[in-house]
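Trainee: Position one of the sequence shown corresponds to residue 4 (the working numbering), numbered consecutively onward.
In short, the hints are calculated from the structure, not lab data. Worth double-checking, as some hints may not be accurate.
What the hints assert, rightly or not - Quick list of the computed label-pair ranges, beta carbon to beta carbon:
hint, residue 1, residue 2, range
1, VAL160, PRO187, 11 to 21 Å
2, PRO36, GLU151, 25 to 35 Å
3, PRO128, GLY27, 22 to 32 Å
4, ASP65, GLN132, 35 to 45 Å
5, THR21, PHE58, 42 to 52 Å
6, THR152, VAL172, 20 to 30 Å
7, ASN98, THR17, 41 to 51 Å
8, PRO128, ASP65, 41 to 51 Å
9, PRO15, GLY134, 29 to 39 Å
10, ARG140, ASN98, 38 to 48 Å
11, VAL160, ALA66, 18 to 28 Å
What the hints assert, rightly or not - BS3-like, lysine-lysine: derived pairs with alpha carbons at most 25 Å apart:
hint, residue 1, residue 2
12, LYS175, LYS100
13, LYS79, LYS40
14, LYS100, LYS79
15, LYS40, LYS100
16, LYS79, LYS175
17, LYS86, LYS73
18, LYS40, LYS73
19, LYS86, LYS175
20, LYS40, LYS86
Just so you know, even glycine gets a beta-carbon here, dropped at the ideal spot from N, CA and C.
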Amino acid sequence: MSNPGQISPLPPVTRHITGHNAAGKAIVQSSTPGDWKSYEESQMAFNVVYTTSQFPADLNQDADIATHDKVQQSGKLGLVNPKGTVCRIVDFAPNNKCVVHRTQSLDYGIVLEGQVEMMVEEGDPVRMQRGDIAIQRATMHGWRNPSETEWARMVFVLQDCQPLTVAGVEMKEELGIATGVLNPSGNDQ
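Work out the full structure: start from the sequences and follow the hints.
Mentor: In structure tokens, the structure reads:
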């Protein structure tokens with residue numbers, strides 16, 4: 004592994020944040036390596052790339068950056084950031100344990116490396132290839148890397164959503180076997 008703190012052998016990730024200089028010209032304000040956290044006995048690793056806490060985001064005087072830093076330092080971020088967004092990279096070990104869960108959110112999940120199976124409650128798993136995108140709409144779902152030897156990587160953008168009611172039942176967050184491991188999002192109160 005070439006990146007300290009990274010769990011998987013996949014290439015390191017660098018986050019580049021842009022902004023403006025005093026003359027109003029676009030600049031790269033910062034470039035920082037990924038900050039990884041291991042879960043499920045190193046079968047999964049999360050790197051929260053960025054969060055917003057309101058929509059639309061307020062970029063004036065770098066308010067969004069300050070708010071992101073505050074959210075990260077709180078240590079309380081769940082999978083979803085209430086009233087905002089989360090951009091997260093997830094690395095999956097070969098044959099990882101599938102964590103079936105539901106978030107109250109609209110998520111875009113994009114396969115960057117390897118193959119990932121998307122599991123839902125009904126029907127066969129859907130095998131996703133590099134470049135495939137899942138639009139996850141507050142459903143029970145899980146992600147599994149079917150490879151025996153290679154790690155897989157996805158990027159997710161999670162967006163808080165209005166409460167969803169289906170067949171008279173409100174679809175609240177359910178963390179499954181990750182309950183007590185992951186912080187609850189708190190956006191389904």
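Trainee: For every hint, state whether the structure bears it out.
Mentor: Hint by hint, here is what the structure shows:
no., hint, result
1, VAL160 - PRO187: 11 to 21 Å, "holds, 20 Å"
2, PRO36 - GLU151: 25 to 35 Å, "holds, 29 Å"
3, PRO128 - GLY27: 22 to 32 Å, "violated, 49 Å"
4, ASP65 - GLN132: 35 to 45 Å, "holds, 38 Å"
5, THR21 - PHE58: 42 to 52 Å, "violated, 20 Å"
6, THR152 - VAL172: 20 to 30 Å, "violated, 41 Å"
7, ASN98 - THR17: 41 to 51 Å, "violated, 28 Å"
8, PRO128 - ASP65: 41 to 51 Å, "holds, 42 Å"
9, PRO15 - GLY134: 29 to 39 Å, "violated, 21 Å"
10, ARG140 - ASN98: 38 to 48 Å, "violated, 27 Å"
11, VAL160 - ALA66: 18 to 28 Å, "holds, 20 Å"
12, LYS175 - LYS100, "holds, 23 Å"
13, LYS79 - LYS40, "holds, 14 Å"
14, LYS100 - LYS79, "holds, 24 Å"
15, LYS40 - LYS100, "holds, 17 Å"
16, LYS79 - LYS175, "holds, 18 Å"
17, LYS86 - LYS73, "holds, 15 Å"
18, LYS40 - LYS73, "holds, 18 Å"
19, LYS86 - LYS175, "holds, 15 Å"
20, LYS40 - LYS86, "holds, 24 Å"
When the structure is compared with the earlier hints, violations turn up for hints 3, 5, 6, 7, 9 and 10 and for no others.
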